[in-house]
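Trainee: Using the hints provided, position chain B with the ligands relative to the given structure of chain A.
If you want the building blocks of each chain, they are given just below.
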Amino acid sequence: MAEVVFDQASRIYTPGAKPAVDSLDLTVADGDLVVLVGPSGSGKSTALRMLAGLEPIDAGSVRIDGRDVVDVPSKDRDIAMVFQNYALYPSKTVAENMAFPLKMRGMGKEERAQRVRQAAEMLGLTDFLDRKPKALSGGQRQRVAMGRAIVREPQVFLMDEPLSNLDAKMRVQTRAQIAEMQNRLAVSTVYVTHDQVEAMTMGDKVAVLADGKLQQYATPPELYDRPINSFVAGFIGSPAMNLLDLPRSSSGVTLGGIEIPLPREVSDAAGSRDRLTVGIRPEDWVLESTGSDAGSVVKAVVDVVEELGSESYLYAHLAEDTSTSIVVRGPGRVQVRFGDPIAVRPNPDALHVFDAETGQRLP
Amino acid sequence: MTATMERPAAPETTGGAPMIDRAEGWRRRAPLLPALIFTIIVTQIPFILTLWYSLQSWNLVRPGSQEFVWFSNYADVFADSQFRTVALNTVIMTLGSVLIAVVLGLLLALLLNRQFVGRGVVRTLLITPFLITPVAAALLWKTVLLDPTLGLINFVLTPFGASGTEWISNYPLASVMAALIWQWTPFMMLLLLAGLQSMPTDQLEAARVDGASAWSTFRELTLPHLRRFIELGVVLGTIYLVNIFDQVYMMTQGGPGVASANLPFYIYQRAFLGFDIGQSAAMGVVVVILTLIAANFALRLIFKSFSGEEEAA
Ligand SMILES: Nc1ncnc2c1ncn2[C@@H]1O[C@H](COP(=O)(O)OP(=O)(O)OP(=O)(O)O)[C@@H](O)[C@H]1O
Ligand SMILES: [Mg+2]
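Protein sequences, first through last, are from chains A and B. For the first sequence, the numbering used here assigns the number 1 to the initial residue and increments by one for each residue that follows. For the second sequence, the numbering used here assigns the number 1 to the initial residue and increments by one for each residue that follows.
If we strip away everything but chain A, and leave its shape as in the complex, we get (with noise of 0.2 Å):
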């Protein structure tokens, strides 16, 4: 159990080029469960591998329970790691490949099969023990692959993308479960995936990376109501949040035709600005009837209705504006259909502003 704390620390891959991790400032509390989520290409998995000693830290330093390991190989980082294709030995048996990381660090036979009985029984792995890899489901791979990492316990955890190889249903089982035994095994863990939806549920604190750049660094439902920038407010929700860019007016700004009103605090913070970007979550819209007086609801031309069954989402152009599409949280049951004409009002007190040039959060 450690801390882990990333310091400046920044990776580049060929010299000259934009770094792959760009100073990245990260700070993982003891015990805690730490996710790294952002899109393709964001340098989540680099700054993973920069943590596990995989890759060099090219600038900066990371830090693991105050101990400087720039220069420290993986093997006595007192890491372990969950690969994305689980990287099992293929020529070994599970109990093998389990036992492998103890055997490496010469423990002995009898100790081995004893640790590797206790975490076969935690994951349901008993069956399987004398079985090779190749005579697994993906499930049971994937759990062999965390037995791997659990049996050495270490003092991190490192996990890159260890669901994105099972179906859905298996990738909300196994999420569940995971975060259980991080809860009950208290170690620290980092987390890396390209769905906010895993971050969202399983972490304590998630990080938010976004072209080798951390984003924003919160609790999830910090995330979630206080989005630091666009991009994070885009990043995190589904649907994604909707980014208007709108003139300002005299008390706030204009959506297709009517004044909505800024809080106080925000209109002084976007001085002179004469454009804003403001942010409505689908669920932020209140659906009013077509009837409704003209200035105080948007008008608007249904595309697509997507039910699911508890609610559904209403994708729409603005009647005045053509090409400016939202997405509308509504009821279980609509009777919309595409083509109809739907009147919303946004909530004011869920409004997101920012920054249209920078993006940056106001205030």
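Since the hints were made in silico from the structure, they are not lab data. A portion of the hints provided could be inaccurate.
To be verified - The calculated label-pair distances, taken between Cβ atoms and stated as ranges, are:
1. B:Ala214 - A:Asp68: 19 to 29 Å
2. A:Leu185 - B:Leu111: 58 to 68 Å
3. A:Ser137 - B:Thr85: 54 to 64 Å
4. B:Phe218 - A:Ser325: 31 to 41 Å
5. A:Gln8 - B:Thr201: 20 to 30 Å
6. A:Asp68 - B:Phe218: 24 to 34 Å
7. A:Asp340 - B:Thr201: 51 to 61 Å
8. A:Asp127 - B:Asn113: 32 to 42 Å
9. A:Asp130 - B:Val42: 31 to 41 Å
10. B:Thr201 - A:Leu185: 54 to 64 Å
11. A:Ser137 - B:Asn113: 30 to 40 Å
12. B:Ala214 - A:Asp130: 56 to 66 Å
Here a beta-carbon is modelled for each residue, glycine too, at the ideal position from N, C-alpha and C.
Mentor: Positioned in the frame of chain A, the structure of chain B with the ligands alone reads:
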């Protein structure tokens, strides 16, 4: 990756295609028939003739000596102590050369599998022995390298006080083997290099994280992964080297005595220098039978290890 690398289920040979009747079957096979007949003519007829000759006492230098003697040629073959020496020579020469070539090839492959300046050049240079005609290679070894007075080996060894060694007369079998190993090491190296490069990197990384030393990684992961490549190299090398003739003929003529003769060369000697057709035919048949038995085991080994036993995961 793991999932997609699974071996596809065995294709349904019987269930899928509709049954075809006899005539249709022959119609489809007919175009292949000429090739089959040709192959039978050029391989099986000589073999049957050989079987026939092996049952006769027939020496070309004694005209009219041809006479049916049943299996007495075979009895002579097994009683012939030279034949046994030569058979042993063949085993030593073949397996010894192959195994040493595999070990050297593995070392070179491990070397070439890492990044260093001039790797491409080194690789090309290391491959060249394999591209040289066996006869030319044998000549090169006999004259340029191993010649007692002019050879480079003795020249290099002179400062160490070992000049004038008659390599080929004193160590005939070892000399031939040296030439064979020199030619076959590059083949093994290429094969094993391909094997090394197909090793999944994430397994090596997992081993690093798991705390394996370089040696443990090699022994526990790389070697099992290379097993099938090594087996393939051994089998292919054996199939080629068991028949080798050029080096023996060029370097030592099998001598002194039969000290460096292998079976193909000995049979050749018996047939074309001793003109004993019956004897050499019998030897040929014995060799074919022994080779068939050995090849059967060898091929089974290949098919077993390449049938994807540990393909996935
Ligand atoms: N070995 C390498 N050499 C050069 N560039 C690399 C190398 N590995 C990764 N990169 C680059 O570094 C950047 C970050 O890659 P990384 O693999 O960390 O992304 P990621 O966030 O894990 O993406 P994904 O979700 O697709 O796995 C990418 O732009 C990638 O092209
Ligand atoms: Mg990745």
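Trainee: Now tell me if each hint is right for this structure.
Mentor: Each hint tested on the structure:
1. Distance hint check: the CB atoms of B:Ala214 and A:Asp68 are about 24 Å apart, consistent with the given range 19 to 29 Å.
2. Distance hint for A:Leu185 and B:Leu111: a CB-CB separation of about 43 Å, inconsistent with the stated range 58 to 68 Å.
3. With their beta carbons about 58 Å apart, A:Ser137 and B:Thr85 fall inside the hinted range of 54 to 64 Å.
4. Judged by the Cβ atoms, the range 31 to 41 Å given for B:Phe218 and A:Ser325 is violated: they are separated by roughly 58 Å.
5. For the hinted restraint 20 to 30 Å between A:Gln8 and B:Thr201, the CB-CB distance of approximately 28 Å keeps it satisfied.
6. Between A:Asp68 and B:Phe218 the C-beta distance comes to about 30 Å, which sits within the given range of 24 to 34 Å.
7. The supplied range of 51 to 61 Å is met by A:Asp340 and B:Thr201, whose beta-carbon atoms lie about 54 Å from each other.
8. For A:Asp127 paired with B:Asn113, a C-beta distance near 38 Å keeps the hint of 32 to 42 Å intact.
9. The hinted window of 31 to 41 Å between A:Asp130 and B:Val42 is violated, with their beta carbons roughly 51 Å apart.
10. In this structure, B:Thr201 and A:Leu185 break the distance hint of 54 to 64 Å, their C-beta atoms being roughly 28 Å apart.
11. The given range of 30 to 40 Å is respected by A:Ser137 and B:Asn113, whose C-beta atoms sit roughly 33 Å from each other.
12. Separation of B:Ala214 from A:Asp130 is about 29 Å and departs from the stated range, judged on CB atoms against 56 to 66 Å.
The structure does not agree with the numbered hints 2, 4, 9, 10 and 12 stated previously, though it agrees with the rest.
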